[in-house]
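A.B. asks: Chain A is fixed; fit chain B onto it per the hints.
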Amino acid sequence: MPVKYLKETPSQTAGPYVHIGMLPAVAGLKVRTQEKPWITGLKGETIVIEGTVYDGDREPVRDAVLEIWQADGKGKFDGGYAGFARAASDLKTGLYRFETVKPGGFTWHDGRMQAPHVTVYIFARGINMHLHTRLYFSDEEKANAEDPVLRMLPSQAARDSLVACVDPAAKEKTYRFDIVLQGERETAFFDV
Amino acid sequence: MSRPDLFTRDRNWHPPQYDPGYKSTVLRSPRRNLISLEKGGEGELTGPVFGHQILDELDNDLIRNYATDGDAIGERIVVHGQVLDQNAKPQPGVLLEVWQANAGGRYRHVVDGYVAPLDPNFGGCGRCITDDEGRYFFRTIRPGPYPWRNNGCEWRPAHIHISIFGHAFTQRLVTQLYFEGDPLIPLCPILNTITDPAAVDMLIARLDMENQKVFDSLAYRFDMVLRGQRSTYFENRPQGN
Chain A
1 MPVKYLKETP
11 SQTAGPYVHI
21 GMLPAVAGLK
31 VRTQEKPWIT
41 GLKGETIVIE
51 GTVYDGDREP
61 VRDAVLEIWQ
71 ADGKGKFDGG
81 YAGFARAASD
91 LKTGLYRFET
101 VKPGGFTWHD
111 GRMQAPHVTV
121 YIFARGINMH
131 LHTRLYFSDE
141 EKANAEDPVL
151 RMLPSQAARD
161 SLVACVDPAA
171 KEKTYRFDIV
181 LQGERETAFF
191 DV
Chain B
1001 MSRPDLFTRD
1011 RNWHPPQYDP
1021 GYKSTVLRSP
1031 RRNLISLEKG
1041 GEGELTGPVF
1051 GHQILDELDN
1061 DLIRNYATDG
1071 DAIGERIVVH
1081 GQVLDQNAKP
1091 QPGVLLEVWQ
1101 ANAGGRYRHV
1111 VDGYVAPLDP
1121 NFGGCGRCIT
1131 DDEGRYFFRT
1141 IRPGPYPWRN
1151 NGCEWRPAHI
1161 HISIFGHAFT
1171 QRLVTQLYFE
1181 GDPLIPLCPI
1191 LNTITDPAAV
1201 DMLIARLDME
1211 NQKVFDSLAY
1221 RFDMVLRGQR
1231 STYFENRPQG
1241 N
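Chains as they are written, first to last, in my numbering: chain A, 1 to 192; chain B, 1001 to 1241.
Hints listed in this document are in silico derivations from the structure and should not be mistaken for laboratory results.
Fair warning: this is a prediction, and the values are worked out from it, not measured in the lab.
Yeah, the Cβ is synthetic: ideal placement off N, Cα and C, and Gly gets one too.
Some hints could be false.
What the hints assert, rightly or not - In silico DSBU-like pairs for lysine-lysine, Cα to Cα no more than 35 Å straight-line:
(1) A/Lys76 to A/Lys173
(2) A/Lys43 to B/Lys1039
(3) A/Lys74 to A/Lys173
(4) A/Lys76 to B/Lys1089
Unchecked claim - One-sided excerpt, in silico: chain A residues whose CB lies under 10 Å from chain B:
(5) Gly44
(6) Asp90
(7) His109
(8) Met129
Stated by the list, open to error - Just the calculated beta-carbon pair ranges, DEER-fashion:
(9) A/Glu146 to B/Asn1211: 23 to 33 Å
(10) A/Met1 to B/Arg1230: 16 to 26 Å
(11) B/Val1214 to A/Glu59: 31 to 41 Å
(12) A/Asp167 to B/Leu1034: 20 to 30 Å
(13) B/Tyr1233 to A/Thr93: 50 to 60 Å
Okay, chain A solo, but in the shape it has when bound:
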C-alpha cells in the first residue's frame, strides 16, 4: 500500500459575506489595523490595477474578493506582507482596484526568466475553491513572448486573457484586467 499522508482540509466557498472577515470595512464594520488593504507596500513604479470579474452571462460579479501577491520593482519578494494586497469588487458596479507597483521580472524554478507578473486569487459566492490566475502587462511584449508560463498555455486566446492593458485615458498609470470566470474569453486559471 502506498505511503499515506494527511489529506488537506477541503475548501468551501467564501460566500457572500466574505467581506466581514477579509475586508470588514466593505461589510460596514469598523476598520481595524490595516486601513487600506488594497495598497501593497512595495517600492517601484506606482501603478493602478483595476477591472471587473464577469460570470458566464457576462454579468459583473459584485461580491468577489481578490488577493494579489507580487515582487517589487526589482523582482524581489518582500519577507513580510508588503507584496500582498486585497480588494473587493464594488458591491454596486463590480469594479475592483489595487494600488501597487509594477513588479520586476524574476526567474522561474528552472532558471528561465519570467515576465513581470502578479499572482491573483479570486474568492466569491459560487466559487467552491479560490481561483488562481496571473496578471501580465501589455507593455512587456518582449518579456511576455519569452515567459515560460505564458508559453505553456494552449492558445493565444488563453495568453491574451492574462494580459492587462494600459488604460490610455487614466490620469495615473492604470492597467485594466478583467477576469472572465466562464465562457467565451474565459480567463486561464492555474493549478499549482
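C.D. replies: Structure of chain B alone, referenced to chain A:
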C-alpha cells in the same frame, strides 16, 4: 532561489467548481481545464508573512471585539485546534481570519436582510496567528442557522468561515467549520458539493469537554491540514547556481 515544492492538490477531494446543487456555481465555474504548472516558482512558494503586530488585543475574542455595552448574546464557545501540513508538521505563525453570523443567524453585513435581529455587541469577525506548535484559539458565540435562496428556501447549518494563509501562497485555503451533531449538516447543498464523506468529516468540529472553560464556555476542537512540502533530493540546476 529554489524552494521545496508542495504536494499536488487533490482536486477530487476538494469540491468541484461546478455543482448545480449549489446554484451559484453554475455561472461562476470555469469550463476550461486548469493549467497545471506542475511545480511552483518563487512567486507561488513564497507568501505574505503576518506578524503579531497586525493583531489587536481582542482580535480572537468575538464575544467582545465589537461589543459596546456588554458581551455578545449566544452560547459561549471556544474554538481551538492545531494547524498541520500533510506531513503532520505543525504550521507556526500562520494567520487565520474567521467570520460568522450571530446567534440568530444574521450577519453584520450591508447585504444581509434576514429577519433575525443584529446583536449590537457582535461583529462576527476575528483573527489569530498560530503559536510555535501551530495551535490557535478564539472565543465566540455559536452561530445560528439561517435560510438562503437556492432550490427554494434552504438552511445553512451553523458554520464559521475560516481563511488561512500557509507559508507558501499556494497553501492558501478558505473553508467553513461545522458543528458535531448539527442535523442540518447532511442537508446542506454547499457542504454536499464535497463528495467524499471523509472530506466532509474534516470540516466538522468536535465537542471537546476536556478543554471547556469551566462555568463559562464549551469548547470545540478543529484541526486543519494545509498542503505538505515535498522532500527535495537532487536539484536540476541548468544554470549551475
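A.B. asks: Can we keep the A/Gly44 interface hint, with Cβ of chain B closer than 10 Å?
C.D. replies: violated (15 Å)
A.B. asks: Tell me if the interface restraint on A/His109 is satisfied: Cβ within less than 10 Å of some Cβ in chain B.
C.D. replies: Cβ of A/His109 sits 5 Å from chain B, so the hint holds.
A.B. asks: Using the beta carbons of A/Glu146 and B/Asn1211, state whether their distance is inside 23 to 33 Å or not.
C.D. replies: Once the Cβ atoms are compared, 55 Å apart, the range 23 to 33 Å for B/Asn1211 and A/Glu146 is violated.
A.B. asks: Compare the distance between the alpha carbons of A/Lys74 and A/Lys173 with 35 Å, and conclude whether the hinted pair is satisfied.
C.D. replies: Holds, at about 18 Å.
A.B. asks: Check the hint pairing A/Lys43 with B/Lys1039 against an upper bound of 35 Å on the C-alpha distance.
C.D. replies: Judged against 35 Å, a Cα distance of about 28 Å means the pair holds.
A.B. asks: A/Met129 was flagged as interface toward chain B. Is the shortest Cβ-Cβ separation under 10 Å?
C.D. replies: Nearest chain B Cβ about 5 Å off; hint holds.
A.B. asks: Take a quick look at whether A/Lys76 and B/Lys1089 sit within 35 Å of each other, Cα to Cα.
C.D. replies: holds (28 Å)
A.B. asks: Would you say the C-beta atoms of A/Asp167 and B/Leu1034 sit inside 20 to 30 Å of each other?
C.D. replies: holds (29 Å)
A.B. asks: Given the hint that A/Lys76 pairs with A/Lys173, does the C-alpha gap stay at or below 35 Å?
C.D. replies: holds (21 Å)
A.B. asks: Mind checking the hinted window 50 to 60 Å against the Cβ distance between B/Tyr1233 and A/Thr93?
C.D. replies: The hint (50 to 60 Å, Cβ to Cβ) holds, given that B/Tyr1233 and A/Thr93 are roughly 51 Å apart.
A.B. asks: Can you let me know if the beta-carbon spacing of A/Met1 and B/Arg1230 is within 16 to 26 Å?
C.D. replies: Roughly 20 Å apart at Cβ, these two residues keep to the hinted range, so it holds.
A.B. asks: Determine whether the Cβ-Cβ distance between B/Val1214 and A/Glu59 falls within the hinted range of 31 to 41 Å.
C.D. replies: violated (52 Å)
Comparing the model with each earlier hint shows violations of hints 5, 6, 9, 11; every other hint is respected.
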